[in-house]
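A.B. asks: Be aware that the sequence shown starts at 1367, since it is given in the working numbering, and climbs by one per residue.
The reader is advised that the hints may include incorrect statements.
[What the hints assert, rightly or not] Label-pair distances were calculated between CB atoms; the ranges are:
#1 GLU1475 - PRO1498: 30 to 38 Å
#2 GLY1635 - GLY1584: 39 to 47 Å
#3 THR1478 - LEU1421: 47 to 55 Å
#4 PHE1552 - LEU1476: 28 to 36 Å
#5 PRO1424 - PRO1498: 21 to 29 Å
#6 ILE1545 - LYS1621: 40 to 48 Å
#7 LEU1476 - LYS1394: 24 to 32 Å
#8 GLU1603 - TYR1389: 38 to 46 Å
#9 PRO1653 - PRO1400: 40 to 48 Å
[Stated by the list, open to error] Pairs of lysine-lysine, PhoX-like flavour, derived with a Cα cap of 20 Å:
#10 LYS1660 - LYS1628
#11 LYS1448 - LYS1621
#12 LYS1660 - LYS1448
Hints listed in this document are in silico derivations from the structure and should not be mistaken for laboratory results. Note that the Cβ used here is the ideal one computed from N, Cα and C, for glycine as well.
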Amino acid sequence: MSGHYATLLRDTVRNLLPLYDVYITDWKNARDVPLIEGSFDLDDFIEYIISYLNLLAPNLNVMAVCQPTVPVLAAVALMSTKNSPNLPRTAILLGGPIDTNQSPTSVNELATSRGDDWFQQNVISIVPSRFPGAMRLVYPGFMQLAGFMSMNFQRHMESLQKAVDRYADNDKEAAFKIIKFYLEYFSTMDLTAEFYMQTINTVFQEKLLTTGRYKSRGHNVRLQDIQNTSILAIEGEQDDITGVGQTKSVLGLCKNLPDSMKQYFLAEGVGHYGLFNGKKFRNIIIPEIHAFTKAHID
1367 MSGHYATLLR DTVRNLLPLY DVYITDWKNA RDVPLIEGSF DLDDFIEYII
1417 SYLNLLAPNL NVMAVCQPTV PVLAAVALMS TKNSPNLPRT AILLGGPIDT
1467 NQSPTSVNEL ATSRGDDWFQ QNVISIVPSR FPGAMRLVYP GFMQLAGFMS
1517 MNFQRHMESL QKAVDRYADN DKEAAFKIIK FYLEYFSTMD LTAEFYMQTI
1567 NTVFQEKLLT TGRYKSRGHN VRLQDIQNTS ILAIEGEQDD ITGVGQTKSV
1617 LGLCKNLPDS MKQYFLAEGV GHYGLFNGKK FRNIIIPEIH AFTKAHID
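Generate the whole structure from the sequences, applying the supplied hints.
C.D. replies: Written as structure tokens, this is what we have:
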């Protein structure tokens, strides 16, 4: 859950389908969930992931892109501690903020330079009465989109201008390809305030997971207990959202996982969205994922 709908991963799924049976998680927009249905935080996310892994086992590969790498890793750790028979055989983590001390980006700096009060006052809002989730505290989708756009404003403007130029040159296919991406990119959901704030605190400010201090529902999340799930960490050389080294750090944190079950791949010339979308994803990253899962699945 990074603020976008699962449809942003349409190209990801399309390219995985010839090789795998693919299941994908999607989440309800928080503004559409009535208050009576309760809260949703990072620990709820982890519990859902565990339930999905139990449901889809055995011989399962789990893949997480960006923010969900943290709850997926925590879920695998908790299942490992309990010696669950339903552990995924492999975990593929792409561009995720596991250790945000490594190559901090503007995203990391914003999260660490502000206190909880600042976030509560500046980015948390109340869902208006016209939605089913009226009165719920959320981090609104439009705020997220503004943040996404501001980080690479010039690049986005150039990309949209390119779509106009392609259309003017009668290359409608190329123009619509760009427009189609942005229709998905501009579609963002509200996140519950408790999920957003817990993620900021756990991942970026206190770094509870990497320092061994994270407890989910009272249970210690022990990365050193992961011994039977092979891990592939993939990063983009030009990723300006999750810096190089943040995802790779998982390999050192899983101290009791044999080296033969760990692998790292740095995709040269690839930015954040190129990790799961586009030509380099199809031609470079997919083959890495397939070779890894083939080597480690029963």
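A.B. asks: Hints broken by the structure, by number, lowest first?
C.D. replies: 3, 4, 5, 8 and 12
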